[in-house]
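2 protein chains.
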Amino acid sequence: QEYTNTETQNPGTVSRPDRGSTEAFPRSYCHKAQESLLSSASGYRNYRGILNWCVVMLVLSNARLFLENLLRYGILVDPIQVISLFLNDPYSWPAACLLIASNVFVLVALYTERQLSKGSFSECFGLVVHVINLATMLTFPAAVVLLVPSMTPVGGAVALGTYTILFLKLYSYKDVNLWCRELSTIKVKKLVRSLSCPLPQLSQGDEHKVCYPGNLTIRGTPTQLLLVSADMYYFVSAPTLCYELNFPRSPSVRMSFLLRRLFEMLFFTQLLVGLIQQVRSHYDMDLSRMTERLLRLAVPNHLLWLMFFYWFFHSSMNFTAELLCFGDRQFYRDWWNSESVTYFWQNWNIPVHKWCLRHFYKPLLRRGFGKMASQSAVFLLSAFFHEYLVSVPLRMFRLWAFTGMMAQLPLAWFVGRFLRGNYGNAAVWMSIIIGQPVAVLMYVHDYYVINYRQETD
Amino acid sequence: QEYTNTETQNPGTVSRPDRGSTEAFPRSYCHKAQESLLSSASGYRNYRGILNWCVVMLVLSNARLFLENLLRYGILVDPIQVISLFLNDPYSWPAACLLIASNVFVLVALYTERQLSKGSFSECFGLVVHVINLATMLTFPAAVVLLVPSMTPVGGAVALGTYTILFLKLYSYKDVNLWCRELSTIKVKKLVRSLSCPLPQLSQGDEHKVCYPGNLTIRGTPTQLLLVSADMYYFVSAPTLCYELNFPRSPSVRMSFLLRRLFEMLFFTQLLVGLIQQVRSHYDMDLSRMTERLLRLAVPNHLLWLMFFYWFFHSSMNFTAELLCFGDRQFYRDWWNSESVTYFWQNWNIPVHKWCLRHFYKPLLRRGFGKMASQSAVFLLSAFFHEYLVSVPLRMFRLWAFTGMMAQLPLAWFVGRFLRGNYGNAAVWMSIIIGQPVAVLMYVHDYYVINYRQETD
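For the record, the sequence lines run as chains B and D.
Numbering-wise (our numbering), the first sequence opens with residue 1 and increments by one.
Numbering-wise (our numbering), the second sequence opens with residue 1 and increments by one.
None of the hints are false.
The list treats identical chains as interchangeable, and a pair is accepted whether it falls inside one copy or across any two copies.
In the SDA-like style, the derived pairs of lysine to any residue whose C-alpha atoms are separated by at most 20 angstroms in a straight line are:
#1 K118 with V108
#2 K209 with S184
#3 K32 with L357
#4 K32 with R333
#5 K32 with Y234
#6 K209 with A33
#7 K118 with V210
#8 K32 with S237
#9 K354 with T320
#10 K354 with A373
#11 K32 with V352
#12 K32 with H359
#13 K362 with V352
#14 K209 with Y234
#15 K354 with Q34
#16 K32 with L323
#17 K354 with S382
#18 K32 with R249
#19 K362 with N347
Keep in mind the hints are simulated off the structure, nothing from the lab.
The following block holds chain B by itself, in its conformation from the complex (with noise of 0.2 angstroms):
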């Protein structure tokens, strides 16, 4: 009885009570019951070999492709040629107008708030310049898109993404600077000291936090102006579209950490330029029998998203974040693991989801709507971004992609009511995976039928 005793509490050792004439012989048992890894009820989560693995597949099965991509482009970011072309004939890129006439509405931002903070500009004139600023901010860009002949639909894409990125900041802005000003009216100044310069844990650096109004005007000071404009364009480059006075801050800029984002960057620009070339020239030839090669279009579809989303929100956002020492690095949540579609659109994109929660979602509750209507009313502001980033550059209303929004919702329905853990976690994936190449195909189908069909027909 002594001996089992002993194997309970050390089942990994042997129990020696005669040490010269047993150590000789193993355990002659050497097994006990436990589930498999990958059943689902050893609640095993460890993964992270299967990234690496995906890493690693993906660079093999791509590195002819990438190669020949490498040696025929060359490295595509060309800062001089792109600064060079556009000094010689600025007409022939809009786009890049476009982006560069956006300091204007920034500014508009920033004046209309330091004549508020001054008490020039009263609460009601003050907020009929924002609405006027933000709606110029949506109006302006569709209609130069929509106008000029010159501009190709990924210009356009990118100025009207630029532009809304810019609309959502600056909403931000203004609410949070209102925040202020009314917590101050208010009389709660203990409260507004700990609302606009929170987080404890930064406490060392306490004497550089700025209060409002110190964010707009810098008092005592000469170059008052440019301290003021620096918050504001640090707030307009930073990977994040929720204002705040005081960002939490990283120590210092690690450079093998940006080399990497850099090196990343740059690895997956020349990846998606190239599946992108062979993913077209596949659009291209099965416009004739679609519904066939959906199935073959979704997979390199769904891994041209992947990289996107790699290169986006990892590569760089923290290539962003580290050169401006912006502190907060969470992009993304654990999206791969969302069990459902309400986790997934929580998690895969986070700067807009946090600019959609305290933006739009709790002030339309705080004004008394439920919970699911406010919901809703979040992925209907989404579907008309979507709608609008897509049609617009394109120059068609089709509505596919506000459809294939809106159509998440009873989705998020369905999965959440029927599928449960792994069940769940794969329709999500299911979604994703066929989902978009469905809306991507609707639009491309049409683009070329616009486009090409009505010459030869």
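Model the placement of chain D on the given structure of chain B, informed by the hints.
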């Protein structure tokens, strides 16, 4: 200062000192310093979703192929057809005859151990019988495979594989019974009981525990031989290579688990057969430009191996274990995360690893060999069996498999010396993805040159 403390303790909630006036205002900050999940600095490891993604991608990529194969070949595992073919013409099924003949060796081992336990055989004579029995198990099927012309390479490989597994099992059977006898002769009766009736967590069933020589001689029952054979055949069919008098048992057969594993077995059989046909046609065509096509073949070859791994080590072994109520389901550990070659070889095939450790590596250590020498000896043994299982069915001795296994030793040194973490993991994946098809290609090339090129030359 008070609010700052509250924030520290509850960073996720807003402190509300003045409920009526401040509840309407959201926190004006929403960022905190943190790393992205995919950065290795985050320490995040939960990628279960990626595994589901791989499965979904696999199913989608092969959905068409799978359906075609199902329609063309039907469900491949058709036991009635197999049996009827075998009964009609036994000589055209030499592999099946070999499999049936293997029972002789099992019964010889059982008989020898029974005589040894009764004292009818001396230890020395018993050892001689065992050695002859085991040696015949390796040479007899090899001779049959080499000499019978109607033996196909696949049939030969299956027969030799089964004999090799049986060889390892009977070697373990001999060892464990020997250890039990040695322990009882040195009169450590209590230890014997703790060694041959272990696993106190199953103590509620202790009355059913078998103690040596109860596994060989069950006295007082008329069905003695039947029960003894049942113990032996349970071990022969159980998914393990290491004998134990009392295996841990699962409480019951879970029907849904069994059906899911069965479905997986059938599904992967279809997929494997379909893919092998596709890959084989590639191998056929590309003999002229081999090195050029290596990269292209590496990926499907690797996918085949991965599917085989899942089919054999997860679906089939769990199916068998569930059917036999065999409790220990650890057939593999997390080799996908392995950051060194050694870790991979220790974790991808646990039954063989356990056997090598228990019946080869540790006995060598006890005889005074060094760690390095013993480890090299394990790789040498493994290399021998790899070569044996490939060369004999193909009837050509090229030592590629042997060299491939022995090349793991310098590779393990190199990876362990120079690469760490995710880089080590990527290197292990690369060696699996690239190394295997090189060896396969070598054999395929030589096989085609010998069997087909002769005629055309």
